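Let the sequences and hints guide you as you build the complete structure.
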Amino acid sequence: MQIAIISDTHMPRGNRRLPDACVERLRAADLIVHAGDLVNTFGPVVAVHGNMDDSEVRRALAPTVEIDLGTGKTLAVTHDAGPSQGRLERMRARFPNADAVVFGHSHMPLHERAADGFQIFNPGSPTERRRAPHHTMGIARVEKGELRFELIDLDATG
313 MQIAIISDTH
323 MPRGNRRLPD
333 ACVERLRAAD
343 LIVHAGDLVN
353 TFGPVVAVHG
363 NMDDSEVRRA
373 LAPTVEIDLG
383 TGKTLAVTHD
393 AGPSQGRLER
403 MRARFPNADA
413 VVFGHSHMPL
423 HERAADGFQI
433 FNPGSPTERR
443 RAPHHTMGIA
453 RVEKGELRFE
463 LIDLDATG
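Under our numbering, the letters of the sequence shown match residues 313 to 470, in that order.
If you're looking for bench data, these hints aren't it; they were derived computationally from the structure. Source: prediction; values computed, not measured. Glycine residues also receive a C-beta, built at the ideal position from the N, C-alpha and C atoms. Incorrect hints may appear among the rest.
In silico EDC-like links for lysine to aspartate or glutamate, alpha-carbon gap of 16 angstroms or less [unchecked claim]:
(1) 456 x 392
(2) 385 x 411
(3) 385 x 467
(4) 385 x 428
(5) 385 x 336
(6) 385 x 455
Distance windows between CB atoms, simulated [as the list claims (entries may be wrong)]:
(7) 405 x 328: 33 to 39 angstroms
(8) 405 x 440: 27 to 33 angstroms
(9) 328 x 457: 34 to 40 angstroms
(10) 398 x 339: 34 to 40 angstroms
(11) 443 x 408: 14 to 20 angstroms
(12) 404 x 384: 14 to 20 angstroms
(13) 424 x 379: 17 to 23 angstroms
(14) 394 x 370: 34 to 40 angstroms
(15) 425 x 368: 34 to 40 angstroms
(16) 396 x 314: 27 to 33 angstroms
(17) 358 x 394: 20 to 26 angstroms
(18) 427 x 327: 43 to 49 angstroms
(19) 383 x 445: 28 to 34 angstroms
Okay, here's the thing in structure tokens:
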């Protein structure tokens with residue numbers, strides 16, 4: 313199973329669009345996860361609302377979701393995982409049944425793993441990098457019973 317992970321697209325805004333390399337990975341994925349700040353919906357996707365989403369999106373999407381990946385793994389999604397201090401432990405306590413938590417909000421890519429294998433992952437943003445060095449997205453794969461995350465630098469892939 314391959315999961316494309318994006319967050320903080322803030323679309324539509326001006327002439328902003330998803331990079332071609334991002335769209336290619338979205339189309340190839342078995343599942344798309346969006347960790348909030350869509351602003352407007354743009355297709356079938358498992359998503360949560362973010363702090364910038366309009367009222368229509370907020371009514372349509374929950375603030376958190378847990379996804380049974382059908383592989384023995386559960387992925388939780390939220391927009392804002394709070395301050396960096398204690399984030400891994402806080403997300404573990406908030407989502408005790410999840411193997412990993414995907415979040416956004418900061419636009420800063422991040423991947424951390426606890427000693428017990430629990431993970432948190434922020435894919436950054438494919439459209440608005442802010443302080444991050446590159447436009448990014450994530451890919452998650454469940455292989456041999458293990459959930460693995462990969463950060464994709466969209467500026468390097470075109």
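For each hint, the structure was consulted:
no.: 1; hint: 456 x 392; in the structure: 30 angstroms, violated
no.: 2; hint: 385 x 411; in the structure: 6 angstroms, holds
no.: 3; hint: 385 x 467; in the structure: 31 angstroms, violated
no.: 4; hint: 385 x 428; in the structure: 14 angstroms, holds
no.: 5; hint: 385 x 336; in the structure: 25 angstroms, violated
no.: 6; hint: 385 x 455; in the structure: 11 angstroms, holds
no.: 7; hint: 405 x 328: 33 to 39 angstroms; in the structure: 36 angstroms, holds
no.: 8; hint: 405 x 440: 27 to 33 angstroms; in the structure: 30 angstroms, holds
no.: 9; hint: 328 x 457: 34 to 40 angstroms; in the structure: 38 angstroms, holds
no.: 10; hint: 398 x 339: 34 to 40 angstroms; in the structure: 37 angstroms, holds
no.: 11; hint: 443 x 408: 14 to 20 angstroms; in the structure: 32 angstroms, violated
no.: 12; hint: 404 x 384: 14 to 20 angstroms; in the structure: 18 angstroms, holds
no.: 13; hint: 424 x 379: 17 to 23 angstroms; in the structure: 20 angstroms, holds
no.: 14; hint: 394 x 370: 34 to 40 angstroms; in the structure: 19 angstroms, violated
no.: 15; hint: 425 x 368: 34 to 40 angstroms; in the structure: 36 angstroms, holds
no.: 16; hint: 396 x 314: 27 to 33 angstroms; in the structure: 28 angstroms, holds
no.: 17; hint: 358 x 394: 20 to 26 angstroms; in the structure: 22 angstroms, holds
no.: 18; hint: 427 x 327: 43 to 49 angstroms; in the structure: 45 angstroms, holds
no.: 19; hint: 383 x 445: 28 to 34 angstroms; in the structure: 32 angstroms, holds
Hint compliance for this structure: hints 1, 3, 5, 11 and 14 are broken, all remaining hints hold.
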